[in-house]
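In the order they appear, the protein sequences are chains A and B. With the working numbering applied, the first sequence has no gaps in its numbers, which climb one by one up to 93 at the end. With the working numbering applied, the second sequence has no gaps in its numbers, which climb one by one up to 1140 at the end.
Rather than coming from a laboratory, the hints here were simulated on the basis of the structure. Note that the Cβ used here is the ideal one computed from N, Cα and C, for glycine as well. Hints should not be assumed to be uniformly reliable.
[Claimed, not checked] Quick list of the computed label-pair ranges, beta carbon to beta carbon:
#: 1; chain 1: B; residue 1: 1115; chain 2: A; residue 2: 4; range: 46 to 54 Å
#: 2; chain 1: A; residue 1: 1; chain 2: B; residue 2: 1091; range: 47 to 55 Å
#: 3; chain 1: B; residue 1: 1093; chain 2: A; residue 2: 49; range: 29 to 37 Å
[Stated by the list, open to error] Cβ-to-Cβ under 7 Å is the rule here; a few derived chain B residues that face chain A:
#: 4; residue: 1006
#: 5; residue: 1007
#: 6; residue: 1008
#: 7; residue: 1020
#: 8; residue: 1057
#: 9; residue: 1059
#: 10; residue: 1061
#: 11; residue: 1066
#: 12; residue: 1067
#: 13; residue: 1068
#: 14; residue: 1083
#: 15; residue: 1098
#: 16; residue: 1104
#: 17; residue: 1105
#: 18; residue: 1106
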Amino acid sequence: MAVTLFIPAALRPFADNKAAVILPAKTAGEAVAALAAAYPDIQQHLYEPGGALRSFVNLFVGDTNIKNADGLNTPVPDGGEVTLVPAIAGGCL
Amino acid sequence: MLRMTSSLAREIRAQGEAAYPNECCGALLGLWDPEGVREATGIFPIPNARESGEQYHRFVITPEDFLRAEKAARAEGLEVLGFYHSHPDHPAAPSDYDREHALPVYAYVITAVADGRAEAMTSWRLSPDRARFDPEDILI
Ligand SMILES: [Zn+2]
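Next up, chain A with everything else stripped away, as it sits in the complex:
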């Protein structure tokens, strides 16, 4: 079971500058864990010290935000796409 995980530009310096990696995974959580195992430098940017995903890290399986599905247990079909998406905000004051 291989899935494609897309990495946003902000996290690529910690993953050999790769835009996407193909990883063995059956769920969204397994895909991120496989990424962190392959590129240990990225781990601190994905997970809180306790092991939960950081709040600004969002994961989509296809077009589905895993928060609206089964979270890290959201299944990914063979050949499916997982995208890591940071939250973006700002303002002038």
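Could you slot chain B with the ligand onto chain A? The hints should help.
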């Protein structure tokens, strides 16, 4: 350094003026070279997702909108290089709030809009230790 065409710069400024007195926001699409110059070739305007009463000094891009921008970029062989937003009646310099919510690597383009007219446009990169925003040249 961030390169963009003058028409792209005009589009970003026009969006800042159209959103005034609120903040506009969107993604910069283009060619991403980890070492070299970033070249923005298009923009992906995104509706400001903050509640309307806060939009005069805040913007939010939802993960769903970010994903749409990523997919639009991917479909054209481009990347999301960064984000632009406007500062209504404030200078084109990042606020502490901007810095606290920023991510490294991305270009953050800020357009000052004074009294409904776009003025200075600047671009910034967060330092890897998150301590400060460094200015970068915009080459038009
Ligand atoms: Zn700002």
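Taking the hints in turn, this is what the structure says about them:
Between residue 1115 of chain B and residue 4 of chain A the Cβ separation comes to about 48 Å, which falls inside the hinted range of 46 to 54 Å. One distance hint, 47 to 55 Å for the beta-carbon pair residue 1 of chain A and residue 1091 of chain B, holds here, with the actual separation near 52 Å. Between residue 1093 of chain B and residue 49 of chain A the C-beta distance comes to about 33 Å, which sits within the given range of 29 to 37 Å. Because the beta carbon of residue 1006 of chain B sits about 25 Å from the nearest beta carbon in chain A, more than 7 Å, this interface hint is broken.
Evaluation of the residue 1007 of chain B hint against chain A yields a violated restraint, the C-beta minimum of about 24 Å exceeding 7 Å. Contact between residue 1008 of chain B and chain A, as hinted, is not supported at the beta carbon level, the nearest pair being about 18 Å apart and thus beyond 7 Å. Checking residue 1020 of chain B against chain A: minimum C-beta separation of about 12 Å lies over 7 Å; hint violated. Of the supplied interface hints, the one on residue 1057 of chain B holds, with its beta-carbon coming within about 5 Å of a beta-carbon of chain A, less than 7 Å.
Checking residue 1059 of chain B against chain A by beta carbon gives a least distance of about 6 Å; that is within 7 Å, so the hint holds. Restraint check, residue 1061 of chain B versus chain A: the minimum CB separation of about 4 Å is within 7 Å; hint holds. Among the interface hints, the one on residue 1066 of chain B holds; its C-beta lies about 5 Å from the nearest C-beta in chain A, closer than the 7 Å criterion. Taking 7 Å as the C-beta cut-off, the interface hint given for residue 1067 of chain B holds, the closest approach to chain A being about 5 Å.
Here the hint on residue 1068 of chain B is broken, as its CB sits about 9 Å from the closest CB of chain A, past 7 Å. With a cut of 7 Å, the hint placing residue 1083 of chain B at the interface with chain A holds, because the nearest CB-to-CB distance is about 6 Å. Hint status for residue 1098 of chain B relative to chain A: holds, with the closest Cβ pair at about 4 Å, below 7 Å. Hint status for residue 1104 of chain B relative to chain A: holds, with the closest Cβ pair at about 6 Å, below 7 Å.
For residue 1105 of chain B, the shortest C-beta to C-beta distance to chain A is roughly 5 Å, which falls under 7 Å, so the interface hint holds. Hint status for residue 1106 of chain B relative to chain A: holds, with the closest Cβ pair at about 6 Å, below 7 Å.
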